[in-house]
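Novice: One letter stands for each residue in the lines below.
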Amino acid sequence: MNWLRVYAIVYLVFLYLPVLLLPVFSFNDATVIAFPLQGFTTQWFKELAGISALHGALKNSLFIGIVSATLSTILGICAARASTRYRFPFKAPIMGAIMLPLVLPEIIVAVSLLVVLMQLGFSLTSWTVIMGHTLICTPFAIAILSSSFQGLDQSLEEAAVDLGETRWGAFSKIILPLVTPGIVASFLIAFTISMDEFIIAFFLTGADPTLPVYIWSQLRFPKRLPSVMALGTLLIVASLVLLSVAEYFRRRGIRRTGAKDSGGFL
Amino acid sequence: MSSIISLSGIQKYYGDYHALRGIDLEIKQGEFFSLLGPSGCGKTTLLRVIAGFEGVSEGVLLLDGADMARVPANKRPTNMVFQSYAIFPHLTVGQNVAFGLRKKGLSKDDMAKAAAEALEMVGLAGYGDRAAHALSGGQRQRVALARALVLKPKVLLLDEPLSALDKKMREQMQSELRRLQRQVGITFILVTHDQEEALIMSDRIAVMFEGEIAQMASPQELYRRPATRRVGEFIGVMNFLEAKQTGTSEKTISFDVEGLGAAEIGIDQFPEGARASADVVGLRPEALSILFEGQKTSGRVADATVQDLAYYGDMTYYEVTLEGSSTPVTISMKNLISRPVLERGTKTRVQWDERSLVIFAA
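For the protein sequence lines, the chains are C and Z, in the order given.
In this text, residue positions in the first sequence follow my numbering: the first is 1, and each later residue adds one.
In this text, residue positions in the second sequence follow my numbering: the first is 1, and each later residue adds one.
Don't read these hints as lab results, they were simulated from the structure.
Quick reminder that beta carbons are idealized off the backbone N, C-alpha and C, glycines included.
Possibly wrong hints are sitting among the right ones.
To be verified - Here are the simulated distance ranges between beta carbons:
{"id": "1", "chain 1": "Z", "residue 1": "G55", "chain 2": "C", "residue 2": "E106", "range": "26 to 34 angstroms"}
{"id": "2", "chain 1": "Z", "residue 1": "G55", "chain 2": "C", "residue 2": "W127", "range": "53 to 61 angstroms"}
{"id": "3", "chain 1": "C", "residue 1": "L124", "chain 2": "Z", "residue 2": "G15", "range": "20 to 28 angstroms"}
{"id": "4", "chain 1": "Z", "residue 1": "G105", "chain 2": "C", "residue 2": "V245", "range": "50 to 58 angstroms"}
{"id": "5", "chain 1": "Z", "residue 1": "G105", "chain 2": "C", "residue 2": "R85", "range": "28 to 36 angstroms"}
{"id": "6", "chain 1": "C", "residue 1": "P177", "chain 2": "Z", "residue 2": "D67", "range": "29 to 37 angstroms"}
{"id": "7", "chain 1": "C", "residue 1": "R85", "chain 2": "Z", "residue 2": "K167", "range": "33 to 41 angstroms"}
{"id": "8", "chain 1": "C", "residue 1": "P93", "chain 2": "Z", "residue 2": "E221", "range": "51 to 59 angstroms"}
{"id": "9", "chain 1": "C", "residue 1": "P177", "chain 2": "Z", "residue 2": "Q29", "range": "36 to 44 angstroms"}
{"id": "10", "chain 1": "Z", "residue 1": "P77", "chain 2": "C", "residue 2": "L62", "range": "50 to 58 angstroms"}
{"id": "11", "chain 1": "Z", "residue 1": "Y312", "chain 2": "C", "residue 2": "R5", "range": "51 to 59 angstroms"}
{"id": "12", "chain 1": "C", "residue 1": "W127", "chain 2": "Z", "residue 2": "K104", "range": "44 to 52 angstroms"}
{"id": "13", "chain 1": "C", "residue 1": "V103", "chain 2": "Z", "residue 2": "E117", "range": "54 to 62 angstroms"}
{"id": "14", "chain 1": "Z", "residue 1": "S8", "chain 2": "C", "residue 2": "L102", "range": "52 to 60 angstroms"}
Turn these sequences into a full structure, and let the hints guide you.
Specialist: Structure (structure tokens):
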């Protein structure tokens, strides 16, 4: 029993200590990332405000994140509804193929996409990154939305039709409001994934890097390291906020449909 | 009175599976009609065909004289109470009940009034502002009823509406549904697998097996004259005894019934299509009675041994074997203060009436 407890603690320390060091050093008054700490400063955060390349990368990432999240959530809605509501031939292999990017090594996805895009004569822009990100975000969207759609009583839609609604009316007035929390959660998680995705963005990005690609490029300059730490701290906080909001919406959705909670990410 | 629903030659295939095998059915305006059968017999499919959720492979469905072949579910003059009730959980009770009214072009006030009246009718007056997902099972059931009845459909379809309720609640809702149906005068079609429920509630019952209607009759007719052995078995308890034909006269046919002896059965007791040489007869548990000591006989009598018994308080169900037969026979006896409850192994005599013997169609 005790050993298990020790193991769990060691495991958690190993997992989260590096992440905790990030904020610690981002407030440290020294360019060298090492103990002992030199004193408290917020100058690294202030420095961030003056780097225009960073602002461009941030804007670029936000754009890619919002578009990828929107696309993958729309695709997720279609796939989740189809898989929970209908039976059709080859359903299992089709769903498997859609969910596969979840476990495929990203580097393979990235390299293959790059090869295909080059062969097709596409030039690398933010849109090629969006394609790649939509591909890897869609399985997450489906996973979240499936639990929303699965919790719905199939009769709800029929009941709405029975009471005079058209099929579209039944979907928009009954199903959509009930899965809205799932849609919000899916959007936020897809956005978070896209925001900090590196490999695909690195391979498929054109002249304008995304934020993670920009950060990586800055690691070559030791003097920039503390401000990268500060940026990292901000990203952690933003991610945590987004994920919490997403989880809040997912749980609220489950409560509203009165279904049982099965899974989720947090 | 003309039929509100008329089905003829309804066939339904799901791929190779033949779900409905030629259903012919006429239901009269204002009738409480039940579709009764075991699960998988096609009763729910038939209800969904009437509602318009399922198309038919063949056959004609007339609703109040109009062909429904090209009429989608949302345009049919039917409304359904779903097994799960399908209450919209994100709306209030009042919004649920008013949901179908929005398409009727009523003013806001008229809608609210109609919804409130419907809620009052089902005993939920003042519940309009409650959140639907916070209701109990019985209350959901009532909201589902109000939501359907507020639209004044020509036919109300009920898909096993009471199966999710506990016994007490179910019994209460059974009588309430019956009362409600008389009050509004709308034709009700109830799908149920519970034979007791069908007997209690219906004006007429169609018993279905494997996509076909085995018998359609009033509850009394169905119980007293089941057309086939299977119907007899499905509805209530029935004993089956072997019988050999021994002779015929103009009005009666004589049989030698296993364990009971000679019986003369009137021709009028035979259902249409029954073989004169029936080799099995049916007997309800109350058609036999145990002769307690000192009791006078007023019918035919046979010797029997009590094998087992189940004591229900008001009734005792005895399982006996008749002399010269090994078939167990169930006898129900009302428990009176003057009657002992017999023990296992007791030798006794049973009294029976040949008029209550049931002959089955082939």
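Novice: Determine for every hint whether it applies to the structure shown.
Specialist: Status of the hints after comparison with the structure:
1. About 47 angstroms separates the C-beta atoms of Z:G55 and C:E106, a value inconsistent with the hinted range of 26 to 34 angstroms.
2. Between Z:G55 and C:W127 the Cβ separation comes to about 44 angstroms, which falls outside the hinted range of 53 to 61 angstroms.
3. The hint said 20 to 28 angstroms for the Cβ distance between C:L124 and Z:G15, and at roughly 49 angstroms that hint is violated.
4. The given range of 50 to 58 angstroms is broken by Z:G105 and C:V245, whose C-beta atoms sit roughly 41 angstroms from each other.
5. Distance hint for Z:G105 and C:R85: a CB-CB separation of about 31 angstroms, consistent with the stated range 28 to 36 angstroms.
6. The hinted window of 29 to 37 angstroms between C:P177 and Z:D67 holds, with their beta carbons roughly 36 angstroms apart.
7. For C:R85 paired with Z:K167, a C-beta distance near 34 angstroms keeps the hint of 33 to 41 angstroms intact.
8. Evaluation of the 51 to 59 angstroms hint for C:P93 and Z:E221 yields a pass: the beta carbon distance comes to about 54 angstroms.
9. Our hint of 36 to 44 angstroms for C:P177 and Z:Q29 holds, since their Cβ atoms are close to 38 angstroms apart.
10. Our hint of 50 to 58 angstroms for Z:P77 and C:L62 holds, since their Cβ atoms are close to 54 angstroms apart.
11. Between Z:Y312 and C:R5 the beta carbons are some 57 angstroms apart, a value that agrees with the proposed interval 51 to 59 angstroms.
12. Restraint check, C:W127 to Z:K104: a C-beta distance of roughly 49 angstroms satisfies the suggested window 44 to 52 angstroms.
13. In this structure the hint that C:V103 and Z:E117 lie 54 to 62 angstroms apart at CB holds, the actual value being about 57 angstroms.
14. The given range of 52 to 60 angstroms is respected by Z:S8 and C:L102, whose C-beta atoms sit roughly 53 angstroms from each other.
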